[in-house]
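Novice: Read off the chains here:
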Amino acid sequence: MLGQTMTEALLDLNNVTVRRGMKTVLSNLNLQVSSGQVILFNGTNGEGKSTIIETAAGLIPLESGSVMHHGKLLIDDAGRSNKPSRPFGLTLQADGCMGSQRIEEHLLTSMDFTGFRIEMDSILERYNLKHRKHDCIAQLSGGQRRKVAMIAGLLPGFISSDPLLIFLDEPDSGLDQASRTSLIEDIQYLRQKGHAMLIASHNNEFEQCATHQFNAEGMTETPRESTPEIVREHAPHQPSKTMIALRNGIVCNNRTMATLAFNGIAGFLTLGILLALVEPTKLDSGTIQRSGLILSSAFAAGLVGDSMVQMLHEHRSLAWWKAHRQGIPSSYFHGAVLGFALTLLTQLAMDMSVSWEVTIIGSFLTTSTMFIVRMFDLTSSRLARPRAAFTRILTPILILPFALLVQWITDSNLI
Amino acid sequence: MDYRFQPHLNAMIQRETTVGRNMSKRGAEGFLLLGFLGIGLTLGLALLKAPSVSINAFQSPDAQRIFYWHVPAAWAAFIAFGFLFVGSAMWFFKRSKLGWRMHVAGAEAGLATGLMTVWSGMVWGAAEWGVPWDWTDVRLNTFGLLTFLALFLVLGRQSQPDGVETRDTFSTFGLYGFVLVPVTYVATRLWQIRHPGPVVGGGDGGSLAGEMAVILFIGAISFTIFIIGHILMSMRITSLEQRLERIQKTMDKV
Numbered sequence: 000m001l002g003q004t005m006t007e008a009l010l011d012l013n014n015v016t017v018r019r020g021m022k023t024v025l026s027n028l029n030l031q032v033s034s035g036q037v038i039l040f041n042g043t044n045g046e047g048k049s050t051i052i053e054t055a056a057g058l059i060p061l062e063s064g065s066v067m068h069h070g071k072l073l074i075d076d077a078g079r080s081n082k083p084s085r086p087f088g089l090t091l092q093a094d095g096c097m098g099s100q101r102i103e104e105h106l107l108t109s110m111d112f113t114g115f116r117i118e119m120d121s122i123l124e125r126y127n128l129k130h131r132k133h134d135c136i137a138q139l140s141g142g143q144r145r146k147v148a149m150i151a152g153l154l155p156g157f158i159s160s161d162p163l164l165i166f167l168d169e170p171d172s173g174l175d176q177a178s179r180t181s182l183i184e185d186i187q188y189l190r191q192k193g194h195a196m197l198i199a200s201h202n203n204e205f206e207q208c209a210t211h212q213f214n215a216e217g218m219t220e221t222p223r224e225s226t227p228e229i230v231r232e233h234a235p236h237q238p239s240k241t242m243i244a245l246r247n248g249i250v251c252n253n254r255t256m257a258t259l260a261f262n263g264i265a266g267f268l269t270l271g272i273l274l275a276l277v278e279p280t281k282l283d284s285g286t287i288q289r290s291g292l293i294l295s296s297a298f299a300a301g302l303v304g305d306s307m308v309q310m311l312h313e314h315r316s317l318a319w320w321k322a323h324r325q326g327i328p329s330s331y332f333h334g335a336v337l338g339f340a341l342t343l344l345t346q347l348a349m350d351m352s353v354s355w356e357v358t359i360i361g362s363f364l365t366t367s368t369m370f371i372v373r374m375f376d377l378t379s380s381r382l383a384r385p386r387a388a389f390t391r392i393l394t395p396i397l398i399l400p401f402a403l404l405v406q407w408i409t410d411s412n413l414i
Numbered sequence: 000m001d002y003r004f005q006p007h008l009n010a011m012i013q014r015e016t017t018v019g020r021n022m023s024k025r026g027a028e029g030f031l032l033l034g035f036l037g038i039g040l041t042l043g044l045a046l047l048k049a050p051s052v053s054i055n056a057f058q059s060p061d062a063q064r065i066f067y068w069h070v071p072a073a074w075a076a077f078i079a080f081g082f083l084f085v086g087s088a089m090w091f092f093k094r095s096k097l098g099w100r101m102h103v104a105g106a107e108a109g110l111a112t113g114l115m116t117v118w119s120g121m122v123w124g125a126a127e128w129g130v131p132w133d134w135t136d137v138r139l140n141t142f143g144l145l146t147f148l149a150l151f152l153v154l155g156r157q158s159q160p161d162g163v164e165t166r167d168t169f170s171t172f173g174l175y176g177f178v179l180v181p182v183t184y185v186a187t188r189l190w191q192i193r194h195p196g197p198v199v200g201g202g203d204g205g206s207l208a209g210e211m212a213v214i215l216f217i218g219a220i221s222f223t224i225f226i227i228g229h230i231l232m233s234m235r236i237t238s239l240e241q242r243l244e245r246i247q248k249t250m251d252k253v
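As given, the protein sequences belong to chains A and B, one line each in that order. Following numbering that gives the first Met the number 0, the numbering of the first sequence begins with 0 at its first residue and continues without gaps. Following numbering that gives the first Met the number 0, the numbering of the second sequence begins with 0 at its first residue and continues without gaps.
Note that these hints are calculated values from the structure, not bench results. For clarity, every value in this text was computed on a predicted model and none was experimentally measured. Heads up, a few of these hints could be off.
[To be verified] Computed list of lysine to aspartate or glutamate pairs in DMTMM-like fashion (alpha-carbon distance at most 20 Å, straight line):
{"#": "1", "chain 1": "A", "residue 1": "22", "chain 2": "B", "residue 2": "244"}
{"#": "2", "chain 1": "B", "residue 1": "93", "chain 2": "A", "residue 2": "75"}
{"#": "3", "chain 1": "B", "residue 1": "48", "chain 2": "B", "residue 2": "210"}
{"#": "4", "chain 1": "A", "residue 1": "129", "chain 2": "B", "residue 2": "161"}
{"#": "5", "chain 1": "B", "residue 1": "96", "chain 2": "A", "residue 2": "76"}
{"#": "6", "chain 1": "B", "residue 1": "96", "chain 2": "A", "residue 2": "62"}
{"#": "7", "chain 1": "A", "residue 1": "22", "chain 2": "B", "residue 2": "251"}
{"#": "8", "chain 1": "A", "residue 1": "22", "chain 2": "B", "residue 2": "210"}
{"#": "9", "chain 1": "B", "residue 1": "248", "chain 2": "A", "residue 2": "46"}
{"#": "10", "chain 1": "A", "residue 1": "22", "chain 2": "B", "residue 2": "240"}
{"#": "11", "chain 1": "B", "residue 1": "96", "chain 2": "B", "residue 2": "244"}
{"#": "12", "chain 1": "A", "residue 1": "240", "chain 2": "A", "residue 2": "120"}
{"#": "13", "chain 1": "B", "residue 1": "93", "chain 2": "A", "residue 2": "76"}
{"#": "14", "chain 1": "A", "residue 1": "240", "chain 2": "A", "residue 2": "124"}
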C-alpha cells in the first residue's frame, strides 16, 4: 500500500489496476488523499502520472478496484459509474477545451459545475489573460491555452469553501516564469482553504507547495515550513446558470454555424438532387415515394451526425466534459430547427400544401437520427484513433425505421 | 541489425515463437477443404439433381435453386455471429484472450458468410420479386445490418492499434449487435413482408420435400464445416499476429 490511511479521505483509490493499450500501467494501487494535502507525482515518463490523475477523475475504466470521492463511489471495476457527490477541478494534459469557446465561456462552465460563479477578472489579470477574456480559445497561443485550462481546473477551488478535489496534469507546461509563480501561490492558497490536490509534473518548483511526493519509490512526506496565510478577496458568489451542456452546445453552434455547415449542406444537397431527378407533380399524393421524398433531406441531414462531437475531439475536450458528468454539449436544438426547415422547404419546393404534422416529424427525424449517429461516435471515442473507426458503416441501421416511418405517414394520409 | 550475436535476444524470440506452437497444427485447413468440397457438392446437387419447383408457386422457378446456397450460408452466418457474441462477452466480462480471438474470428466469418447470404438473396430477390432489396422488410434489413456490423468490426480492428480500449469498444459493438440476431430470427414470423418464413421449424408452411431436404441438409453440414474451418483459421492468424507483435516489442527493447 503506497498511500496512508487518513480520516475523511476526499479521494480513495482502492486496489486500482489500470491497463492502457496492452500494458498494465497501475497495479493494485492504493492511495488516500485528505483535506489540505497536495500530492506531487514527479516520476519519470511512462510511470503512470497522467493515468493516476485520469483514473482519479473517473475517466479510465478499471481492471480492478474502485475510486471514491468524498466517501461515495465514483467508478469501480464492475463498470458502475456515478455522478461525483461534489464537483472537482480538472486540468487535463491535453487542455480539454474547445477552440470554438471563448475563454470566459470555458471558465464560466468550470464554475457552473460547482453551482456558483465568482468574478474572474482578478484571476485572469494575474495570469495576463484579462485582455483576452472574450477571445475564442482557438485564437490563443499554446501557452495561453494552457493557462486557460489550468485556471479552469483551479476555479472550483476558489469558489468552494468546502474541501474539494483538484486534479492538475502538467499544469505548468508551456507557462512563463511569472505564471508559474502565480500558480504555485494559488496552489498554496487552495491548500490553506483545505482543498486536496493531485499534481503531475516534472517541475521541481512544485515541491514548494506539495505536502507529499509520489513516484515509483512510493509516497514521501515533504518537510515544510509554515507559510504565511494568503488572503484573496473575490466578489460575492452569484448562482450559476443551469442546463450547462445544452447552453454551451447552442452557444458554440450559433457561433460556428457548424450544424448548418455540416448537416444543412447534406440536407440541401439531397433536396437539390431529388428535385433535379424527380418531377414532384408527377408523383401521386398518398404514395410512399412522395412521403419519402418529403423526408429525405431531413433524414440526410441527421445522418451526418452531431457536428459538436467533432468540436469536442479538439484538445480532448470530450474527456473533460465526460469527467464532470454533467452532460455533453450537443447540436440537438439546431438539428431540430434544421429538420423542421428542410421538411418545410421540401414541401414548398414540391408546390404542395404544407402538412405541419409532417414538418414536425421531419424535425424529430433529423434530431433522432443525429442522436443515434452521435451515440456511435461517442461509443468509439475511447479508441486510440476514433476518427478511423468507420462508425458510418453502421448508419444503414437507420434506413429500416426511416422506411417504416415513411410507410406509416403514407398509410395515415398525413400528406 | 543483425541479431545473430545477441544470445539473450535469440532466447527471448525463441521463447515467443515456441509459445502456442500447438496452434500451428493444420486442422483448420482440413475443415476448410472438407467444407469447400461439401459446398461444391451442394452446388452440383442443387443445379443438377434438385427437383424443379412449381411455376405456379414461384415467379422464377429456376432461380429457386439459389435457395440451396442461400439458406446454408445464412445458417453458417448465424453460427459465426453467435461466436462473435460469445467472444465479445468473454473479452468484455472476463478479459479472456481466447474470447478476443473468438470475437475476431466470428466477425471475419460473419462478414464472409453474411456477404454470401446477402448477395445470393439479392440475386434471388431480383429474379423472384423484381427488386433485389426491400428497405421495409425487417428480415432483410436486420440481416443486412448484421453483415454491416461485421464489416465495421473487421475494418475497425484493422484501423486501430491493439489494446484494451480497442477490444472493449469493439466488444461493446459486438454485444449490442447481437440483439439483431433474435430480431432477425423472429422477423418473418412477426412482420412477413417479402421474405418467406422459416423452412425448418417453421410449422405447417415450412416443410420441404424429401430430396430437397436432403440437399439442404448436405448444404447445411458443408457450410457448418466450412465456418468451423474459417473460424479456426482466423483464430490461428490472430494468434500469430499477436505473437509477431510480442516478438517485435521484444526486439524494440534491444
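Novice: Could you grab the alpha-carbon distance between residue 129/A and residue 161/B and see if it respects the 20 Å cut-off?
Specialist: Given pair residue 129/A, residue 161/B is violated - Cα atoms ~45 Å apart, limit 20 Å.
Novice: Under the criterion that the straight-line Cα-Cα distance not exceed 20 Å, is the pair residue 96/B, residue 244/B satisfied?
Specialist: holds, 15 Å
Novice: Run the distance test for residue 96/B versus residue 76/A: straight-line Cα separation, threshold 20 Å.
Specialist: holds, 18 Å
Novice: Are the Cα atoms of residue 248/B and residue 46/A separated by 20 Å or less?
Specialist: holds, 18 Å
Novice: Checking one constraint from the list: CA of residue 240/A to CA of residue 120/A, max 20 Å. Satisfied?
Specialist: Roughly 19 Å separates the two Cα atoms, so the pair holds.
Novice: For a C-alpha distance cap of 20 Å, please report whether residue 93/B and residue 76/A respect it.
Specialist: holds, 11 Å
Novice: Given the hinted pair residue 22/A and residue 210/B, is their Cα-Cα distance within 20 Å?
Specialist: violated, 57 Å
Novice: Regarding the pair residue 22/A and residue 251/B, is the alpha-carbon distance no greater than 20 Å?
Specialist: holds, 15 Å
Novice: Given the proposed pairing of residue 22/A with residue 244/B, does the C-alpha separation stay at or below 20 Å?
Specialist: Between residue 22/A and residue 244/B the Cα gap is close to 13 Å, so the pair holds against 20 Å.
Novice: Is residue 96/B within 20 Å of residue 62/A, Cα to Cα?
Specialist: holds, 15 Å
Novice: Is the Cα-Cα distance between residue 240/A and residue 124/A 20 Å or less?
Specialist: Roughly 24 Å separates the two Cα atoms, so the pair is violated.
Novice: Taking 20 Å as the top limit, are the C-alpha atoms of residue 93/B and residue 75/A close enough?
Specialist: holds, 15 Å
Hint violations for this structure: numbers 4, 8 and 14, all remaining hints satisfied.
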